[in-house]
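**Q** Each protein sequence line maps, in turn, to chains A, B, C and D.
So for the first sequence, my numbering puts the first residue at 1; every next one is plus one.
So for the second sequence, my numbering puts the first residue at 1; every next one is plus one.
So for the third sequence, my numbering puts the first residue at 1; every next one is plus one.
So for the fourth sequence, my numbering puts the first residue at 1; every next one is plus one.
No lab work stands behind these hints, which were simulated from the structure alone.
Since the structure is predicted, the reported quantities are computational estimates derived from the model, not experimental observations.
Heads up, some of the hints might be wrong.
In silico SDA-like pairs for lysine to any residue, Cα to Cα no more than 20 angstroms straight-line [said to hold, decoys possible]: (1) B:202 to D:72; (2) A:202 to C:117; (3) D:13 to D:61; (4) A:155 to A:235; (5) C:182 to C:159; (6) C:27 to A:288; (7) B:202 to A:288; (8) A:285 to B:201; (9) C:133 to C:104; (10) A:80 to C:45; (11) D:200 to D:216; (12) A:202 to C:72; (13) D:83 to C:72; (14) D:210 to D:185; (15) B:202 to A:33; (16) D:27 to B:33; (17) A:202 to B:300; (18) B:80 to D:45; (19) C:27 to A:273; (20) A:28 to C:241; (21) A:285 to B:204; (22) B:80 to B:38; (23) D:136 to D:210; (24) D:83 to C:104; (25) D:133 to D:166; (26) D:83 to C:45; (27) D:27 to B:271; (28) B:202 to D:234; (29) B:202 to A:281; (30) C:83 to D:136; (31) B:202 to D:78; (32) A:80 to C:61; (33) A:202 to B:53.
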Amino acid sequence: MSRLAMELPGLQLKNPIMPASGCFGFGKEFGGLYDLSQLGAIMIKATTEETRYGNPTPRVAETASGMLNAIGLQNPGLEKVMAEELPWLERYDVPIIANVAGSETADYVAVAKAISTAPNVHALELNISCPNVKCGGIQFGTDPDTARELTAAVKEVSSVPVYVKLSPNVTSIVDMAKAVEAGGADGITMINTLIGMRLDAKTGRPIIANRTGGLSGPAVKPVAIRMVAEVSQATNLPIIGMGGVTNAQDVVDFLSVGASAVAVGTANFVDPFVCPNIINSLEEKLDELGVDHISELIGRSHRL
Amino acid sequence: MSRLAMELPGLQLKNPIMPASGCFGFGKEFGGLYDLSQLGAIMIKATTEETRYGNPTPRVAETASGMLNAIGLQNPGLEKVMAEELPWLERYDVPIIANVAGSETADYVAVAKAISTAPNVHALELNISCPNVKCGGIQFGTDPDTARELTAAVKEVSSVPVYVKLSPNVTSIVDMAKAVEAGGADGITMINTLIGMRLDAKTGRPIIANRTGGLSGPAVKPVAIRMVAEVSQATNLPIIGMGGVTNAQDVVDFLSVGASAVAVGTANFVDPFVCPNIINSLEEKLDELGVDHISELIGRSHRL
Amino acid sequence: MIIQDRMEIVEHKQIARAIFELTLRGKLTGEITSPGQFVHVRVSDSFDPLLRRPISIAKVDRDKQEITLLYRADGHGTGVLSKRITGDTVDVLGPLGNGFPIEATEAGETAYLIGGGIGVPPLYELSRQLTAKGVKCVHILGFESEDVVFYQEQFAALGDTHIATVDGTEGTKGFVTHVMDKLPTDFATFYTCGPMPMLKAVQQAYADKKGYVSFEERMGCGIGACFACVCETKDQSERSYVKICSDGPVFEAGVVSI
Amino acid sequence: MIIQDRMEIVEHKQIARAIFELTLRGKLTGEITSPGQFVHVRVSDSFDPLLRRPISIAKVDRDKQEITLLYRADGHGTGVLSKRITGDTVDVLGPLGNGFPIEATEAGETAYLIGGGIGVPPLYELSRQLTAKGVKCVHILGFESEDVVFYQEQFAALGDTHIATVDGTEGTKGFVTHVMDKLPTDFATFYTCGPMPMLKAVQQAYADKKGYVSFEERMGCGIGACFACVCETKDQSERSYVKICSDGPVFEAGVVSI
Ligand SMILES: Cc1cc2nc3c(=O)[nH]c(=O)nc-3n(C[C@H](O)[C@H](O)[C@H](O)COP(=O)(O)OP(=O)(O)OC[C@H]3O[C@@H](n4cnc5c(N)ncnc54)[C@H](O)[C@@H]3O)c2cc1C
Ligand SMILES: Cc1cc2nc3c(=O)[nH]c(=O)nc-3n(C[C@H](O)[C@H](O)[C@H](O)COP(=O)(O)OP(=O)(O)OC[C@H]3O[C@@H](n4cnc5c(N)ncnc54)[C@H](O)[C@@H]3O)c2cc1C
Ligand SMILES: Cc1cc2nc3c(=O)[nH]c(=O)nc-3n(C[C@H](O)[C@H](O)[C@H](O)COP(=O)(O)O)c2cc1C
Ligand SMILES: Cc1cc2nc3c(=O)[nH]c(=O)nc-3n(C[C@H](O)[C@H](O)[C@H](O)COP(=O)(O)O)c2cc1C
Ligand code: FES
Ligand code: FES
Chain A
1 MSRLAMELPG
11 LQLKNPIMPA
21 SGCFGFGKEF
31 GGLYDLSQLG
41 AIMIKATTEE
51 TRYGNPTPRV
61 AETASGMLNA
71 IGLQNPGLEK
81 VMAEELPWLE
91 RYDVPIIANV
101 AGSETADYVA
111 VAKAISTAPN
121 VHALELNISC
131 PNVKCGGIQF
141 GTDPDTAREL
151 TAAVKEVSSV
161 PVYVKLSPNV
171 TSIVDMAKAV
181 EAGGADGITM
191 INTLIGMRLD
201 AKTGRPIIAN
211 RTGGLSGPAV
221 KPVAIRMVAE
231 VSQATNLPII
241 GMGGVTNAQD
251 VVDFLSVGAS
261 AVAVGTANFV
271 DPFVCPNIIN
281 SLEEKLDELG
291 VDHISELIGR
301 SHRL
Chain B
1 MSRLAMELPG
11 LQLKNPIMPA
21 SGCFGFGKEF
31 GGLYDLSQLG
41 AIMIKATTEE
51 TRYGNPTPRV
61 AETASGMLNA
71 IGLQNPGLEK
81 VMAEELPWLE
91 RYDVPIIANV
101 AGSETADYVA
111 VAKAISTAPN
121 VHALELNISC
131 PNVKCGGIQF
141 GTDPDTAREL
151 TAAVKEVSSV
161 PVYVKLSPNV
171 TSIVDMAKAV
181 EAGGADGITM
191 INTLIGMRLD
201 AKTGRPIIAN
211 RTGGLSGPAV
221 KPVAIRMVAE
231 VSQATNLPII
241 GMGGVTNAQD
251 VVDFLSVGAS
261 AVAVGTANFV
271 DPFVCPNIIN
281 SLEEKLDELG
291 VDHISELIGR
301 SHRL
Chain C
1 MIIQDRMEIV
11 EHKQIARAIF
21 ELTLRGKLTG
31 EITSPGQFVH
41 VRVSDSFDPL
51 LRRPISIAKV
61 DRDKQEITLL
71 YRADGHGTGV
81 LSKRITGDTV
91 DVLGPLGNGF
101 PIEATEAGET
111 AYLIGGGIGV
121 PPLYELSRQL
131 TAKGVKCVHI
141 LGFESEDVVF
151 YQEQFAALGD
161 THIATVDGTE
171 GTKGFVTHVM
181 DKLPTDFATF
191 YTCGPMPMLK
201 AVQQAYADKK
211 GYVSFEERMG
221 CGIGACFACV
231 CETKDQSERS
241 YVKICSDGPV
251 FEAGVVSI
Chain D
1 MIIQDRMEIV
11 EHKQIARAIF
21 ELTLRGKLTG
31 EITSPGQFVH
41 VRVSDSFDPL
51 LRRPISIAKV
61 DRDKQEITLL
71 YRADGHGTGV
81 LSKRITGDTV
91 DVLGPLGNGF
101 PIEATEAGET
111 AYLIGGGIGV
121 PPLYELSRQL
131 TAKGVKCVHI
141 LGFESEDVVF
151 YQEQFAALGD
161 THIATVDGTE
171 GTKGFVTHVM
181 DKLPTDFATF
191 YTCGPMPMLK
201 AVQQAYADKK
211 GYVSFEERMG
221 CGIGACFACV
231 CETKDQSERS
241 YVKICSDGPV
251 FEAGVVSI
């Protein structure tokens, strides 16, 4: 077995690196830049039942070592994703994790049921944490009971394992993690973005038309690392960690605090080749650390 | 009246700029660098009833556009602060805001009662949000009921107005703000640090001996701005805003989302002259913005 | 093809107040297909600033493998960029987007190239290619004031060049539309790039003409993946949209709703 | 007095693997009072990296108003610093802390100066001042390997200089203690700076000698205000502590608990 291969519920990963949802579209643009079969997996853009246009622009604003976004779940809708985007991705030898979003349980269930039957969708990522839409699931992301129930409802209809994506905008992320574990989640992905705002110096108004947006990038990495460390010690679920990953050292850090794989979001905008670059530098990193297989890193900071 | 003067409960500020608690000690070191009477106010280091040694070192770690700290409320204790630190500060014409910390209600009450009688202490800042001590008030900072009760207990004994310092590590900062308002708070200071962690690349262990620390600096400014915007629209209390302030534009931003004054923390380490530098550049900033008095900026982003 | 190139700074100088001319050398040059395409520049290797900056390609020299960027350093990222020195290398992603169609104007016809402020740069390469093909180019360029006017000689060398400044310190006082009002309308095509109000006014004034408009929007990825830069199209049948970065930045006049 | 000075880079060059020699000019030089003081350097004007870096003053030239820093560029901040070029200015805060007491050794007496790795730099200015005063300096300097040894000629010009390298590629194989074992103990004072295990070993070996030890700790402010850099003192009566940045970095041997 390769030194980088990793097995997670539903996922046989060549390596534990995958682009994060919303930062990679449905892969087409990056497919023009490199062979997507190199990736461990792909987390595709949030899919809702109906077509969504999303928020007015500006939708992004830069901040110190980070950025805000309020795209607003723009996506072509379940039908088109099933008919066009997923089939296109079949040309690559890479498992797809479908990010499922909605406004109420019924939406989530409908999308989960359908999309989980696509041949290349090997897992779902339940997006209960998108801060950028009025009715976009944030209520599911902050109340443990609601989260547990939604997880259970989706689990019931899904043909593939279900990962739940947690929001960092909560008092206790451990409570949320335990709730979705109780609801039957197969894994956790974390963290989604922190809610933030930036004003335009010239006008005094928020830059982002939606006023607030989700903060991502290197700025949030310390918060993400802390939360993954907490959750990995409080639940038995495998974690796909994310938040500010830009290089192989960041991957080592997320694994060290207990993640089993790592997603890369914002860094794809800074360097579109970041995912293959990280993958190519991982073995050297393992040599440096004197580690045979990457899975040995998982949780090592708790043992030290 | 000067274009920068601002009046808040208990505080006649020459200007709305003050160093944040824990980032300025008790003023002595900075007093060797410039005349502290230039400052709007000084928020002194957290004071507890007894002497505290604090956490083991390392106590700080740098992060992208920010830093983590886990000092652990090291301070000489109430008696010495009253006998030595506060009297020393009397040589300056500057109101002191005393940051009060403790482990349980009785401690807080004892410190608040005593320290509020010091002649130069014009307000208290109730630190219910320090993330770096096991019994350091974080429970008071995340539960609205506990926060309300503590606020009421401290209000009862304090001879000066009481500001409560809110933690950003909560699902709803508005709920916390409303709770302390209901408890009788005279104002709010926000935000304290976000809990984070950084690993040492060489050892794989957390750099900070306390494992987690509080994230501050420019990285957190978008979160702070968003939270001040929310709280200022949900309560009637004046807000002293902070989180990543490094220059006059940051001050304008915090006032624009509803703060009445601004505290500067981490930036004092990057540039020890940052407070007087900001103060000296504020009038020019007002000219640029075509504003007569700085108070006109308060909440302008809500009106735009 | 879009490539990531560590381009060498061949020359970097200030040419007007806060306006810089940056010449870069690298193989990315060979990938450029039309005037009006842009590059996404990482101004430093640090996380502050984090995101790339979109800058139009103002001139292409295929023989030397060089491109020229003209940009205004007034923000954080462009400020950092302006301090980079000759010999240094810069991480550039590009070429991005679809530029102006030179084939839309025939040799012998007249084209109006209307630019405002930092919308002027892409029109320079456009004019070079149009004039080389035998199109008569008329340049109408608007600026705030005389001290931020740039490249007027370069444009003048290619064709009639009219300058408007808001404060009247150079050329016509006012906007490009004040110049347009006095010019004949017997041209074939217009090409425009600049601030939104200008684009609107130009599109309105020449509503019956064939025209091409280059847009700006805040960007994340620059390659069409993040949906940061979408604009609604005029065709509102099913709320359709375009991405400025990958569908644009240049669109036929009337397509994007402004 | 501590001042903030925008110092000019007079010279900047690599002198060993990842080791740089940086000469800065500015009025801060006039404020330095003792060898072993340090400066707090802001390596760039961006927020990444955010904090200053503490670096010892390795040499002071009052006439030229110049100081020399010797540093290892292996982390993020020192990496950025290493790319700054001559003519640029750097934001430096200092001088900070209390250095080595040269008055602790009389003219004619012998002092052992024991340094390890990036603890070596402050010993150079110390040796210059001690030898100028007539003290006989013996230098015992430990490094990882031959390719990171620096300033051995400069030290040799001031007095006996013994090098130890962990891998034996230069001088004695092993640690400074291996050199110390073979040297007479008839010296008056020792001064030491280096990694904690080395400081411990030196303090133990010379427990009966008068000595001064320079410590390192991660810093926030560098001026004594943030309590990031505290160390417990040996005197545990009431858990007393010192701040490395403002009470130190140099303490009499035995004061700080290690
Ligand atoms: C397709 C295209 C071509 C462009 N060509 C040029 C050119 O040739 N010359 C030139 O000077 N400028 C050009 N611009 C505008 C230029 O991208 C912005 O002025 C620049 O990004 C501002 O960055 P800053 O560091 O100065 O400001 P900051 O305030 O630091 O920028 C913060 C963030 O906002 C974004 N941003 C701010 N203003 C704009 C804007 N007007 N458009 C898009 N993003 C913005 C930045 O990219 C960055 O992400 C172009 C923009 C686009 C979209
Ligand atoms: C009083 C004093 C004098 C020093 N003198 C020298 C010198 O003359 N030459 C030299 O090469 N080094 C010296 N050091 C060590 C030097 O400060 C660190 O190597 C440097 O700060 C590491 O920064 P970085 O950007 O390379 O690493 P990063 O990993 O980017 O550093 C991250 C953060 O950790 C801090 N940090 C990391 N390692 C250390 C350390 N060993 N000590 C203190 N802070 C650290 C940094 O200051 C920064 O805040 C001295 C340290 C102190 C406290
Ligand atoms: C532009 C943008 C769009 C995003 N869209 C989604 C989304 O549709 N669904 C989702 O679950 N997360 C979305 N995210 C969050 C990311 O998947 C990721 O959780 C977050 O950005 C933190 O990782 P990073 O710091 O590496 O970007 C988006 C993030 C960005 C920056
Ligand atoms: C080293 C350090 C020590 C701090 N100590 C305290 C403290 O004792 N009491 C307190 O209420 N806040 C403390 N804080 C939090 C700051 O007062 C401030 O709320 C926070 O740092 C955000 O502001 P900044 O980004 O400007 O630093 C501390 C912050 C730092 C960096
Ligand atoms: S900037 Fe990402 S889609 Fe256009
Ligand atoms: S670094 Fe702040 S007290 Fe020493």
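**Q** So which of the earlier hints does this model not fit?
**A** 6, 10, 13, 15, 18, 22, 24, 25, 28, 30, 32 and 33
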